[in-house]
Structures are given as structure tokens and as C-alpha cells.
Amino acid sequence: MAVIRLAALCFLCLLWPAGRAWALDLVVVVNPSCAVARLTRDDVINLYMGRLRKLPDGTAARPIDLSTSSGQEKQQFYQRLLSRDLSEVRAYWARLTFSGQASPPVQAATTEEVLSLVHRNPGAIGYVERSRSDARVRIVFELGDK
Amino acid sequence: MSAILKTRVVLAALCLAIGVAVRADDSLDRPWRLAGFGTLGGTWASADGIEYRRDVTQAPTGVAGGAGAANVDTRIGVQFNYQLGADWEAVVQALSRYRYDGSWRPELSWGFLSYSPDAALTLRGGRLGLDVYPLADSTNIGYSYLPVRPAPDYYGGIPMQSLNGLDVSYIRPLVADALKFKAYAGLAVGKATADAKGAAFDLADSPIVGAYLEYQGEPWTARLGYTQIRVAHDLPFHDFYDALRNGGIPGGPELAERLSVEGKHFGYLSVSLGYQQGALQAQLAGSHFRSDSEVLPPYYAGFALLGYRLGALTPYLLLSGARSPDSHPVSGLPPWPMLAPLENTAGKMFEANLNNLQTVALGTRWDLSSYIAIKLQAERIHGAHSIVLWSNDAAPVGAFKTTVLSAVLDFVF
Numbered sequence: 001m002a003v004i005r006l007a008a009l010c011f012l013c014l015l016w017p018a019g020r021a022w023a024l025d026l027v028v029v030v031n032p033s034c035a036v037a038r039l040t041r042d043d044v045i046n047l048y049m050g051r052l053r054k055l056p057d058g059t060a061a062r063p064i065d066l067s068t069s070s071g072q073e074k075q076q077f078y079q080r081l082l083s084r085d086l087s088e089v090r091a092y093w094a095r096l097t098f099s100g101q102a103s104p105p106v107q108a109a110t111t112e113e114v115l116s117l118v119h120r121n122p123g124a125i126g127y128v129e130r131s132r133s134d135a136r137v138r139i140v141f142e143l144g145d146k
Numbered sequence: 001m002s003a004i005l006k007t008r009v010v011l012a013a014l015c016l017a018i019g020v021a022v023r024a025d026d027s028l029d030r031p032w033r034l035a036g037f038g039t040l041g042g043t044w045a046s047a048d049g050i051e052y053r054r055d056v057t058q059a060p061t062g063v064a065g066g067a068g069a070a071n072v073d074t075r076i077g078v079q080f081n082y083q084l085g086a087d088w089e090a091v092v093q094a095l096s097r098y099r100y101d102g103s104w105r106p107e108l109s110w111g112f113l114s115y116s117p118d119a120a121l122t123l124r125g126g127r128l129g130l131d132v133y134p135l136a137d138s139t140n141i142g143y144s145y146l147p148v149r150p151a152p153d154y155y156g157g158i159p160m161q162s163l164n165g166l167d168v169s170y171i172r173p174l175v176a177d178a179l180k181f182k183a184y185a186g187l188a189v190g191k192a193t194a195d196a197k198g199a200a201f202d203l204a205d206s207p208i209v210g211a212y213l214e215y216q217g218e219p220w221t222a223r224l225g226y227t228q229i230r231v232a233h234d235l236p237f238h239d240f241y242d243a244l245r246n247g248g249i250p251g252g253p254e255l256a257e258r259l260s261v262e263g264k265h266f267g268y269l270s271v272s273l274g275y276q277q278g279a280l281q282a283q284l285a286g287s288h289f290r291s292d293s294e295v296l297p298p299y300y301a302g303f304a305l306l307g308y309r310l311g312a313l314t315p316y317l318l319l320s321g322a323r324s325p326d327s328h329p330v331s332g333l334p335p336w337p338m339l340a341p342l343e344n345t346a347g348k349m350f351e352a353n354l355n356n357l358q359t360v361a362l363g364t365r366w367d368l369s370s371y372i373a374i375k376l377q378a379e380r381i382h383g384a385h386s387i388v389l390w391s392n393d394a395a396p397v398g399a400f401k402t403t404v405l406s407a408v409l410d411f412v413f
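Residue numbers (my numbering), protein chains in the order written: chain A, 1 to 146; chain B, 1 to 413.
Just so you know, the hints here were simulated from the structure itself, not pulled from any lab data.
The reader is advised that the hints may include incorrect statements.
What the hints assert, rightly or not - 25 Å max Cα-Cα, derived PhoX-like pairs, lysine-lysine:
1. B/LYS191 <-> B/LYS264
2. B/LYS264 <-> B/LYS401
3. B/LYS348 <-> B/LYS191
4. A/LYS54 <-> B/LYS182
5. B/LYS180 <-> A/LYS54
6. B/LYS264 <-> B/LYS348
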């Protein structure tokens, strides 16, 4: 009986979404020299899913992702933007990458690296916690936006 | 350099590339990127004589009659991208899998130069992936799709995975989503197993053109595409064709023409619809293979896939099938006893590439991490003909039923 209970517990653990955490206040940022004032949720989805490769002002877009080891930001970004787990996002990009059709967003190791890359590249776009954004970047979308 | 030595050199390069890829991180400042994918899998099938294959480019697998093997799904590939300035990129992908000749010799899946003068427009030239796989794009990247393998009833009849040529794609916003158009032209690259002795149907030098229109949105995606090929070389049964054409047999040249594929056109029309919203994902696709030759009869195929994510597990149901229109071709040869071997061969050729089967598969995907997934799948196949399943000498005459169990570990790096 104990074995059955243990097996049931293990199964429930598998079903439980990993990494439950408080919602972070995430914002999408671009280079301050970029002419884009705001992005819509659809803009952000299309840019991060590789469907559009230009920002609305015509600049070639360079989306930047956070690595999974950086914390909860990446998981919450895709969960709230697309309702998808990171494994589903990875599977999506594997399909495009290995059919030679598109390259996934560049992976930054830390939020500081995201801010630095966006600051140095006019078409770069990244996501960070609102409290971490500074004068090097400009907020164009908030994850709570519709 | 001998074939064995070449194979060892390419395998060593694959291993080295994997080692480098595991250590590599993406960077905006670095011009190159190395990545890879692979599957370790085992498959077991119940019925005698009906060997399970995932597509027609595989030699007989031995997976039948209660026997299992790892050759159906196991594969590994690496891809190297190099950015040559703002607009140009070079991409090379090598793949090792169980092939038409029963070997695992690595092959160049694609190697091309890509030019994007505008963020919406991309031109590519070189060896390109044949982009006729709706909702899968390539059938080799196990990690990228939900089931153990894309439905063989639907995808398995396509005998090539790449072409040497050019393609152009254009993507533009459509309201809140995107619309993509792509056209391609070139010479096909691919070989399909023709008999158990290792003879192969070679599609080299066959001109191929195609195009598709794709809607990319959330939660819907849709695609409509058409590809046409004019086959350059006949099936590898030269003695048979020669006997019919030059043997002075009444009706022989006419039968040879009906069973020939050289210089004939074949078309592949496909339409697909995808839906992914939260934990639910669904796919529906249908295709029609059009043929000018009686040895590769036309057929319709389709599949429906439904999956629902529960944490790290995603159970799914996959229904698929393929069917050739009913026909009962006769050879037209005189009923002479001395022509019995030719009559027998012609009858087998008329039947060998018919499709009439249905598959029900149940399975689950378990995402261990965002790089590794394990999948378990059980499927029940019943039908009378299949272009993909291999009928050996122990195959039942007429209808068959078989149960197939699969377990795979998919990974990307």
C-alpha cells in the first residue's frame, strides 16, 4: 500500500507545473534611440516567435532571451505571453532552427547582460524586471498590458 | 578516401561538434552557432512479416513478429550556422540515421547560403531542406514534435528530405499575426528502398518545384502547399523493363510505359491546421499524392493529433490513415506460361505502393527539462496495403493488423 501511495505521489509531482513563484513585474525594453514608442502584445509575440524580424519602425529586430539558469524571468515571460512552458518554446524553436528557417533569440546569462546588449544594439529587444530597467533602455511593453 | 574512412571522419567530426556545442552559448557578438539534436529509441511490433518503418527511406528494420530494434527512430545531427555580415549566413547540417541501404552513414542534410536583404525577405541557395512537412518542417527533430514520430501514414511516403536549389521566402504582418510565402526549385536529393537486396529508387537529378502559403498566429496556424517533381530515373528493375520493352512480347512496351516513372510528373498537395492555446494543442492535416505512373498510385492521407499538457506530462491521441483509390489494374500481357514471372513481377509492382491503412496511437511526452523529453507510445495499425510498412516473406496475404510499442528519448543541445 505504501508503494502505491508513493507512486501516486510521484505521479502528482510530475503533473504539478514546475517552478511556481510570485508573478514578477516584467517589462519589454528597447534601445532608447529606437523610434518605437510602444509595442503591442502581438508585436512582442511575433518578434519572440521569429515571425517578424523588424521592429515597427523598420529596424532589424534582435530579440534577446534570458537563459533558464538566470531565474524565473524567462519562464514567467513565456507563460504570461503565450501560456507555454519553456519546453514547448524550446520545441518550437528546435523545429525552426533545425529546418534552417530562423535562429532563436540570443541567450543572455543575466539581466545585466540583457541591459548591456540592448544598450549597445539599436535593434535589440529584451525583457527584464521593471525594478532593474534604467536609463540605458526604454520600456515599450508591460506584461500586464493587453 | 574509402567509404568507411569517410564515415569515420564524418562521425569523428560529429562527435567533436557535439562536444563544442555542449560548451557553446549563444551570443549577439559571436558570428557562429553550433547546435544539435538526437533521438535514442526502441520500437517493437507484434505482427509477423510486417516490418515497421517510419518512412520509405529506411531499409527493412526487422521490427516485426515480436522483435524490436533501435533503428527506426534513433538518429543524431549537428548544425553549424555562421553569420557572414549583416545579410548573409551559411548553414550546414549533418545527420546520421538508419538509411535506405541499412547503413548509418552520415549525410549532409543541408548546406546553404542565406541572404536577407530585408528583414522580411530571405533567399537561400545550396542544399535545402524539402519544406513539404506541414507542422513538422523536418521529420528528424524528435524533440520538436509531440508524438514519438510524425505520423508515418502521412509523412512516411515522401522519399526525399532535401533538394539542391534555391528558395525564396517572404513574411509580412497580417493584422496581429503573420503571413509567409515560400517558393523553391531545384533537383531532388533522396533514395528510397526498392527491394530487400538493397536496390534503391534514386531521385537524383529530378527537377522539383513547390510553394506554400502559411498563416502564423496565436493560437492558430495554417498552411496550404503544393510540390511537383519530374522523376529523372526509373525504378532499379532494369532487366524487367528491358524484357518488356525489347523482348518482343505483345503488350510489353505498353506495360513498361505504365510501370515506368522516368520523365513522369508527381504532385503533392497538402493542407494543415494547427491550434495551441495554453495546455491544449491540436493538429489536423490532409494531403493528396498525384501520379502519372501506375507503379506509384495516387493516395490520400491525413492525420489528427490532440494533446493536453498536465505539468511535465503531455498525453496525446494520434489518428492517421492513407488510402489509394480502388483500382484493379491488369497487365495486358498474353496468358502464356513462359510470361508468368513477368506477370508476377508486374502484379507485385502494381500492389507494392498502394496505401490502405489506419492507425490509432496513444502516448505521452514527458519533458524532463527544456532540452530532454521521453516519449512512450502504443499504436494499433490495421489495413491491407502500406507504402511505408515493409512486407517480407512472412507477410500475411491480404489484410493485416499489428501493434507497435515505442519508447524514445529526444534531446537538443
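Exercise for review: Kindly indicate which numbered hints from before are broken by the structure, ordering the numbers from low to high.
Suggested key: 2
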